[in-house]
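Line order of the protein sequences matches chains A and B.
Here the first sequence is numbered in this note's numbering, starting from 858 and rising by one per residue.
Here the second sequence is numbered in this note's numbering, starting from -17 and rising by one per residue.
Incorrect hints may appear among the rest.
[What the hints assert, rightly or not] Reference listing, derived: stretches of chain A covered by chain B, where coverage requires no fewer than 3 residues with Cβ under 8 Å from a Cβ of chain B:
(1) 861 to 870
(2) 1002 to 1009
(3) 1052 to 1061
[What the hints assert, rightly or not] One side of the interface only, derived from the structure: several residues of chain B facing chain A at Cβ under 10 Å:
(4) P47
(5) L110
(6) G128
Simulated from the structure, these hints should not be mistaken for laboratory data.
All C-beta atoms in this analysis are idealised placements derived from N, C-alpha and C, irrespective of residue type, glycine included.
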Amino acid sequence: MRRGFTTVLRIFRYGLNNFSRNAWLTTAATVVMTITLLIIITTMFARFVFNDTIDQVRQKIDVSVYLKDEDTPAQVQDFARQLKAVPVVTSVDYVSKQQARTTFEEQNRAEFQQLQALAELGSDNPFPASLRIKTRDPNKLEGLNAVIGKNKPLLDTSLPTSYSGDRKAAIDRIAQVSQFSETAGLVAAAVFVVISIMIVFNTIRMAIFNRRDEIEMMKLIGAEKRFIRGPFIVEAALYGVLAAIVSLLLVYTVIITRVHDLSQYEIVVDRTVNFFRTWPVLIVLGQLLAGVLIGVFSAQLAIRRYLKL
Amino acid sequence: MASWMGLLRLIWKTNKDRRRQPGSRVVRANQRLCYNKKVILLDRVTKIYGKNKPALNRVSLHVEPKEFVILVGTSGAGKSTLLKILTREERPTSGKIVVGGIDYDTLKDKSVPLLRRKIGVVFQDFKLLPQRTVFENIAFALEIVGMSNREIRHTVPKVIELVGLTGKENQFPSELSGGEQQRVAIARAVVRQPKILIADEPTGNLDPKHSWDIVRLLEKINRYGTTVLLTTHNQDIVNKLKRRVITIDHGKIISDVAQGSYNQG
């Protein structure tokens, strides 16, 4: 038991020595693996951020239908009930004429002329009452439109139904960018994983070649296969560990601290940043695991091919 | 009653005869005992590479414990093949091999390292690790078997003293002469106290003075109880040592003399 433990420790020590001995090869392998891990984690980060942004914008979208002044409260209640029955609808709020006027006044506090024109009207309120409808998915409004069409006589014909049009377009744009960035991220991650595997594979192949005399000697003095192979696996795993550390440092020092600048473009980063801050252990373990897996897999390929024992 | 006794005697005799049959358990056990007495036993060992002539052709030899055996022969005679078969770098095409009580027929691949730990090997080109010091090169042989650092610190200086390199523990191979490097290689080979030491042309790269230093060291190790199998082209060494000399030529043993000389080959 104790011998086994000593042997494992020595395998790690030899791996560490080999790692530090090939400075150039080590640097090349580590840099490529760092880029790979950065792409993986950035893709993940971007996916979270875009999803949150889309969710938030979606929550803001609402459909407003403007009512005639003559509509009775019973008619309006019945219309609202029908609207609530549509699956995509999350809420229906009645906005009275007075509320509409107050909102307008608050929103246009700086527009002096408009307020003055409104004041000149006195008690005459030009704003119609409306129903504000919030939906789950702005892309599935067919059911809602059907209900609105059925109740057309109740609607103020001078004001068409408002779909918050620019918001819908914004959502579509974000969704497109999100989809593109996710696909591009996944493709780039896959490409770089393959490049990393090839570079680590070649680094280990070179290491095996450089140490062929040592390997030969180890075989002849009775070293077990795991003792000869182990240091190469440890060496490759260390590339992954170092790459994970560097990529995490970059993520936590650059991305997490600078990403708030994106907030001014209405991109929602708080939830993702909070997740990264709340679960650093999870993120660190994930990155380490990804790095070590890439390293060990490549080393196993090289060993199977070039280290004949 | 007498007939009963006769019948019992007959059954006993039949069983006894059966036990003496070749291949019976008793005979196999006796063979094992016999093998175990020899440190090296080769029985009609043949090695053929591809479709070439045999590199070894029905070679049979046995070496007793604590013996000092010199193997001579021209280049390509089959010496290296023989040594490679002994260290299980090569497998014979046919024949039986028992080394240190281990029968190669039943030796599994995963047990080969255990066999090699019983055999110390010294090479003409030393095969030292250039990035490691003298101490580290010798300690390496103990590290791979999982010996603790404390045991290593205790054992290695004794072997360094045995090979006469005290004071040079922290030097690197490149800082040593050829003779000193070979001493390090010998120290590494014997630090685990193997039953057998195979020295493959250990003096091939050395001048006469250093060659004799190495041979004296091998004799010293042999006196401590290790069986030494030495291959050499050096006639002077073979003739002056007056040890058992086995001569190989074209894959066959052509002479095996108790106190032989090079010319007898």
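Tested hints:
Beta-carbon proximity to chain B at under 8 Å applies to 4 residues in the stretch 861 to 870 of chain A; the threshold of 3 is reached and the given coverage holds. Only when three residues or more bring their CB closer than 8 Å to a CB of chain B does the claim for the stretch 1002 to 1009 of chain A stand; here the count is 0, and the claim is violated. Residues of the stretch 1052 to 1061 of chain A lying with their CB closer than 8 Å to a CB of chain B number 0, which falls below the three-residue condition for coverage. Taken as an interface hint, P47 (chain B) does not check out: its beta carbon lies about 20 Å from the nearest beta carbon of chain A, beyond 10 Å.
Given hint, L110 (chain B) at the interface with chain A, holds; its Cβ is 8 Å from that chain's nearest Cβ, closer than 10 Å. For the restraint placing G128 (chain B) at the interface with chain A, the shortest Cβ-Cβ distance is roughly 3 Å, inside the 10 Å limit, so the hint holds.
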